Structure formats: C-alpha cells, structure tokens
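Protein chains: 2
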Amino acid sequence: MEQKRPHVVILGAGFGGLRAAIALANAPVDVTLVDKRNYHLFQPLLYQVATAGVQAGDIAYPVRSILRNQKNLDFRVTRVTSVDVAAKQVQTVDGVIPYDYLIVAVGGSTNFFGMQSVAKNGYGLKNIEDAVGLRNQFLTMVERAVQEPDPDKRRAMLTFVIVGGGPTGVESAGALSELVHLILKKDYPKLNTKEVRILLLEAGPRLLPVVPESLQEVTAKTLWRKQVDVRVGAKVVDFDGEKVTLGSGEIIPTNTLVWAAGVQAASLVTQTGLKLGSMRRIIVESTMQAPDHPEVFAVGDAAHCEWQGRPLPMIAPVANQGAEVAAANIINLIKGRELQNIQYKDKGAMATIGRNEAVARMGTWEFSGFFAWVFWLMVHVIRLVGFRNRIMVLLNWAWEYFFYDRGVRVIMPNIEKQLKQEQ
Amino acid sequence: MEQKRPHVVILGAGFGGLRAAIALANAPVDVTLVDKRNYHLFQPLLYQVATAGVQAGDIAYPVRSILRNQKNLDFRVTRVTSVDVAAKQVQTVDGVIPYDYLIVAVGGSTNFFGMQSVAKNGYGLKNIEDAVGLRNQFLTMVERAVQEPDPDKRRAMLTFVIVGGGPTGVESAGALSELVHLILKKDYPKLNTKEVRILLLEAGPRLLPVVPESLQEVTAKTLWRKQVDVRVGAKVVDFDGEKVTLGSGEIIPTNTLVWAAGVQAASLVTQTGLKLGSMRRIIVESTMQAPDHPEVFAVGDAAHCEWQGRPLPMIAPVANQGAEVAAANIINLIKGRELQNIQYKDKGAMATIGRNEAVARMGTWEFSGFFAWVFWLMVHVIRLVGFRNRIMVLLNWAWEYFFYDRGVRVIMPNIEKQLKQEQ
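In the order they appear, the protein sequences are chains A and B.
If you read the first sequence in this note's numbering, its first letter stands for residue 66, the second for the next number, and so on.
If you read the second sequence in this note's numbering, its first letter stands for residue 66, the second for the next number, and so on.
Hints listed in this document are in silico derivations from the structure and should not be mistaken for laboratory results.
Watch out, some of these pointers could steer you wrong.
Here are the simulated SDA-like cross-link-like pairs (lysine to any residue), alpha carbons at most 25 Å apart as the crow flies [as the list claims (entries may be wrong)]: (1) B/Lys218 with A/Ala90; (2) B/Lys412 with A/Leu132; (3) A/Lys250 with B/Phe468; (4) B/Lys255 with A/Ala92; (5) A/Lys69 with B/Val450; (6) B/Lys218 with A/Lys250; (7) A/Lys136 with B/Phe468; (8) A/Lys250 with B/Asn454; (9) A/Lys250 with B/Lys255; (10) B/Lys251 with A/Lys250; (11) B/Lys255 with A/Lys308.
Footprint (simulated), chain B over chain A, 3 or more residues, beta carbon under 8 Å [stated by the list, open to error]: (12) 95–104; (13) 128–136; (14) 264–277; (15) 331–341.
The structure presented is a predicted model; accordingly, all values stated were derived computationally and were not measured.
No residue lacks a Cβ here, since even glycine has one placed at the ideal position from N, Cα and C.
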C-alpha cells in the first residue's frame, strides 16, 4: 500500500516549499522536500544580519527540526540541476528523483538586469553569504577609513550606496545609518561621522511603491532625518568597485554598493523547459499549474501568476497562499475533485526605518511611527520559525534598543574548509 | 609632550595581548594594538561552535568595544608580516609601525607535527573558520549518511575521529556524542545511531595529563558511557580524507578527523629573527624579555618561558600572568626601576564532558560530576568577554539543557565575497 501512494516532490524549503509540505502532512501522498541548504532562511531579516543586528543562525532554522514530526515527508539536502518534465523526474547531483507531482518553490535570486560590473562588484542581499559578506564589508570599510590619511580615499570608503527603494533598500539604509551613528561612533573615536554618506538610490519616481503616497513621504522624511541621502530618478548603470556611475553621467566614488533593486526566479527554472514569464518566472494558471503540465506546480518567487491583469508580486504572502492552493489541488487531482483557484488576499505592506520608526498599510488602514514599529516587530517575531529563534531575536533587539548596542560587529573571513558539495 | 611618550606595540588581541593593553591603560605610554581580526576570540568555547551549541558571534567580541574607553590606545586591524628587531619596527601589509617596546602575543596555531596529509584533510580547532567548517562537516556527514545505501560508505561518514586527549579533545568528543545521541537522533528518524562511532585517540598513555589519575579515570568512564570509543597509545600517522592510519598499521575508515593533538606558536614568530624554543615559541627570560632585546617581550602561546625547569604550558592563565609581568616591566624600564620576574600561579585545570559532567582540579582539591560541571559553567561564563555575550551563551545553554536541543545546526557554506585584505 505504501508503494501506491503518489509521490510529491517539492523543490525549495523557503516560505512556499515549507507551507506546501506542511499542507500535505495528512494527505495520502509521500513527500520529498529538496533543498541545497539544510535550513529554512527567514529572508525578511537578512538586512539585520548585514547590519550586525542579529546573527546568521538566529534567522536560519534546520528544516529537519521544523518538519520533525511529519511522517510522510523525506527531506534531502542536495543540489538540483534540472527537471525533466516529460520523464517526470528531477535531476540532482546525487541522482534522479522521480515524481508524480512537482511543486517548484525555488524562490528568487538577485536580478542585476544584465549589469555585469554591478553583479561582480556589488552585494546582493538574498542569502546568508550575501548578508555576512556585506557585514564584513561595512565593518572593514570603517576599520580602514580610520587609518586612511588620504581624504578622497577615506570618503569613498565611508560612502555606502544602497540601490532600490523597496522595503529591503529602505530597511537596509535605516539600519546602516543607526549602526554608524548610534553604535560605531562609540567604537571609533577617530571616525568623523560627518564624512559618512549613506545614499539610497531609486530609479523610479518614489520610495516604497507598495504603500500610499502619504507613507512614502513619511519614509523619505524619516530617512532624511537619519542622514540618509535619498534620491529618486537615479539609475545606476555601472559600478567598478571604486565608483558608481549613474544614467545622468554623475559619478559617486564609493567602495560599497548594495543592490536591492531587483529579483528574479532562481536560475533552476531555466532548466525545466517550462514557459517563463516576467522575471523569468514559470508561468502558471490560477490553479498554480503549468499550462501543459497539470502535474507541475510553481509557487512564490518562482511563479508568474496573473491576478487581476497583473502578475502577483514576489513577496512572502503570495508564496504562502500559492503553496496552499498547490497542495490543495494535488489532493483534488488525486481525489478527482474540482480544482481551486488562487484568491489572492493582499495582507498589506510595511517597512521599518529604524528605532521607533516604521510605515505600514493594512487594507485601507495606514499608519506610521512608534505603533507601526511595534506592529512590525510583532509580525516578524511571530512569523520567525522556531520558538527559540524568536526568543533570541527578541532578546537581541531588546538589548540593542535599550543599550544602543549591536552584538555581531565581527568581521568573519571566509570558511576555508568548504563543503564538498559546494566545490 | 604627546610625542615624547614611549610607543608600545602589542601584536595580537587574544588573552595575553588584551591583558597587556589593559595593564598599560594608565601608564605614560602610547599603545598600538594590532590584530588581523577585529574581534577577540574566546577560544575555550570553540568546540561548542563546532558542535552547534553556540553561535560564532557569541564567543567573538569586537576589540574596539572592549577597549573603547582606553585613551592611550590605538587599535589596528592589519596583517603583520615580520618584525625587524634591529630597526625596532613591525612590518604590516599596510606599512611599517615603529616601536620603543614590543609585546609579541600572537598566540598559537595548530601543530600537525609535519604531517601534511593530516593538515590538508583534517580539521584543526583554533579559530572561527575551523569551528564553523567542522560544524558543517559533522552535519553534512549525517545528512549524507541517511541517504547513503552502501553500508561501508555510510559507516565511514558516521565515524568521527578526534585526535588528542587534552581538554579540547575530551570536550569535543563529549559534546559531539551529545549532539548525535540527544539531538540529531530526533531530527533524523532514519539515522541508526548504532552506526555512529566517535573515537578519541591519544598517543600518550592517558587522557588529560594535567589532572590527577583518579580524575583521568572518571573522564574515561564518562566518555565510555557517552559511547565515545577512547583509545590511548594510539598514534595517527596518516589521514587521506577517507581513512586514518595508526602507527600500529590499523586502518580506520572515516571522512572526518579533528586534530586537537598539538599547538605551536603562530607562524609570525619565525619572521622575527628571535631565538625559538619548544613549539617554536620565542625564548624569554622570567622577565618575559627576549634575551638580547630587553625592549622585546613575548607572552602566552608565543613565549617559551622556563619555570621550575620546564617551559610554562600553552594555556590562558599563563598568557594572562605573563602579560601582567610584561606590562609591569615596560613601566619599570621607563621609570628606571627593578624588573620583576614571573611567579607562576597554577590555577588548576578542568574539562567538561557533557551534561552534568566535568572534572576539575584546583591546587590539591579535585572534584568531578555535577558540581564540577556547574563550576566549569560559572568560570567560563564569567571569563567570557562582554556582558551581552555572557547572557546569550547562558541562555543558549539553559535552553539546550532543559529542552535537549541545539540551536545552530545550520550548514553554512563559505562566504563568497571575501574581505579584500584576506585575498
């Protein structure tokens, strides 16, 4: 009897993949969840790792612990190289995994829009390595600047350019400003904070397009008060590691560029042969199925799903809602029932800009300031996987809040002995 | 007046370097402390990072924060390449630093005793990269073993060889056993823990030579109860990444060898031209001065200092006591006073073997079990630099103790964007 149960393979243990796995816990199927990492990463707080607010392990939780009690699930840590949708099998570096149903939930990666120089010299902010690398860069630049006699070189070291006016860019700029002005200032008596320049560049006409205009203004004003130089209509065209070139021809000398201006589906989707839409996402119906492959589903940042004439955005609530629909429809297909369509519920949007400062929209309700900040804290701590991680993150935040301190200001070089599978 | 103050350069921000810097806080000197890392590392707990007990950031604390209020001190993050004792200057990758007095406190590094194969394929346990690399290795081996059908390969993956019966080897073996049998067992229902083999190999006749024989027996018995296979008189001669070869000719198939069997002074000491003693340490008088260079001091793991006919051991209390003497003698030289000699006080020795289990000797007082374990906890938490780190480590330990859990079971690959100075 065990042999006859349909086999569901889920690629990716992010928000979508985990949610789908859990939704299939009591279904008459065997589930294999595959990820190249052994942990689920709470991506919304990556910027806090980059700005020394929390440790990497605080926002990464072992997948096996989350799904410990799910009897019909097998988790495999391996790297998927391609999907053969005709043969219904997934190719991994450790062999082939056949499936009856597939959920592609591989998530997103940084989209540099073909700018090789920015990809090579800039920092993305999509995974732990990005975040720790960026923290090392921020701290190293300050460390070197205080020893640098040449004022031009010193200015370039102390200029930090963040590109992208969405939540990640806004949150990174606010947190970096507080790291410099509230914390590093105390550690570096020689640091002239007037020489520090944090620029937030947005190519479009305004910050946070997902919130109403009044909140956009609050955001810009708050960042300004935190000495972040906000520029809209500023398009980056090149970054050679020493200077950023804008579309206008303007040159900004800097050693640090954070690219938070674009995401696209992870590269694996190009190895599926499936039809791709915007941001190279797999085009799916409102049932989350690929059009010619009813047994193949895509969710989250890997899926292009039209809703009211536009593709759904690449955010966590879309991943969660899509995963629920995909899991339900696999059960519906097995039981011969009618399929359901996604009914997207907009949960709103929010961004924190620093101590006591956030903006939030829920439906038509919008608010900002201290209350929005507390709300942001609550939502993020509740969503953070793992009771222990929640406690640790809360304690870290409480410490930092009351003592104007950050715990993780250590520059950690690379890990020399690499995983064999990563080589 | 500022110009005329003697310039003291301290190389290394470990126990010895930090202690010397603090001891010179009110002296009429200018101090430059140099380290290639921006953090002080609490090395005694590295094995807990390796076994997923605490995060790397919990045992690393920014040097600048520790010495924030010391007015006569400048801290520089740079790599020292050599010391020219004739010209009285230190060569770094960022230029030359002249000194009037020098304290070499560069610490120790793993000593593989010339065994290239072990150095290449084994893991040391002297820095953060070692510890995180080893944690990755432990977790990856278990992850791969549960997918491995070949029983011989699986056994090799699940065999962990720890070499060296000193405190580091004993503590690592005990902690790894608890990680496997108390924690990973729950995460990996497919893992047959009877296939897991943890070997502790000691070339000499007994474990923990620094404690009395009765405690050595307690240690061996406790490890045995934790299913650690303890072998004395077992000398490793080769490790090719797939099997360990012993001096007796015996072969142990394994993918993981932890080398905790030897330390030597960090390699910089060979670039000083100073006379080296055992474990390539700089030979110093009981005043901590190099014989022909009264302005050059060496302390801690970098110093070979005879005491009662034998060189002092490479442990933290020796580093701290030597640093106090070196700092005092620099002041004595400046003021034309008589120099003092080190009067080594043996603070005893201890090792923890796991939950509720430790052995300790203080003077002639020796004890083991729960009380020794609580004592070990207290000493280590009190010594851990930084109030915040102490709280975090205590909370982690409390959590693990009561919930039989470990927080940091994440396999983190290398950080792709490296520090420029590390390249």
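Consistency of the hints with the structure:
{"no.": "1", "hint": "B/Lys218 with A/Ala90", "result": "32 Å, violated"}
{"no.": "2", "hint": "B/Lys412 with A/Leu132", "result": "47 Å, violated"}
{"no.": "3", "hint": "A/Lys250 with B/Phe468", "result": "39 Å, violated"}
{"no.": "4", "hint": "B/Lys255 with A/Ala92", "result": "21 Å, holds"}
{"no.": "5", "hint": "A/Lys69 with B/Val450", "result": "58 Å, violated"}
{"no.": "6", "hint": "B/Lys218 with A/Lys250", "result": "54 Å, violated"}
{"no.": "7", "hint": "A/Lys136 with B/Phe468", "result": "22 Å, holds"}
{"no.": "8", "hint": "A/Lys250 with B/Asn454", "result": "21 Å, holds"}
{"no.": "9", "hint": "A/Lys250 with B/Lys255", "result": "51 Å, violated"}
{"no.": "10", "hint": "B/Lys251 with A/Lys250", "result": "45 Å, violated"}
{"no.": "11", "hint": "B/Lys255 with A/Lys308", "result": "53 Å, violated"}
{"no.": "12", "hint": "95–104", "result": "holds (count 3)"}
{"no.": "13", "hint": "128–136", "result": "holds (count 3)"}
{"no.": "14", "hint": "264–277", "result": "violated (count 0)"}
{"no.": "15", "hint": "331–341", "result": "violated (count 0)"}
Of the hints listed earlier, those the structure fails to meet are numbers 1, 2, 3, 5, 6, 9, 10, 11, 14 and 15, in rising order.
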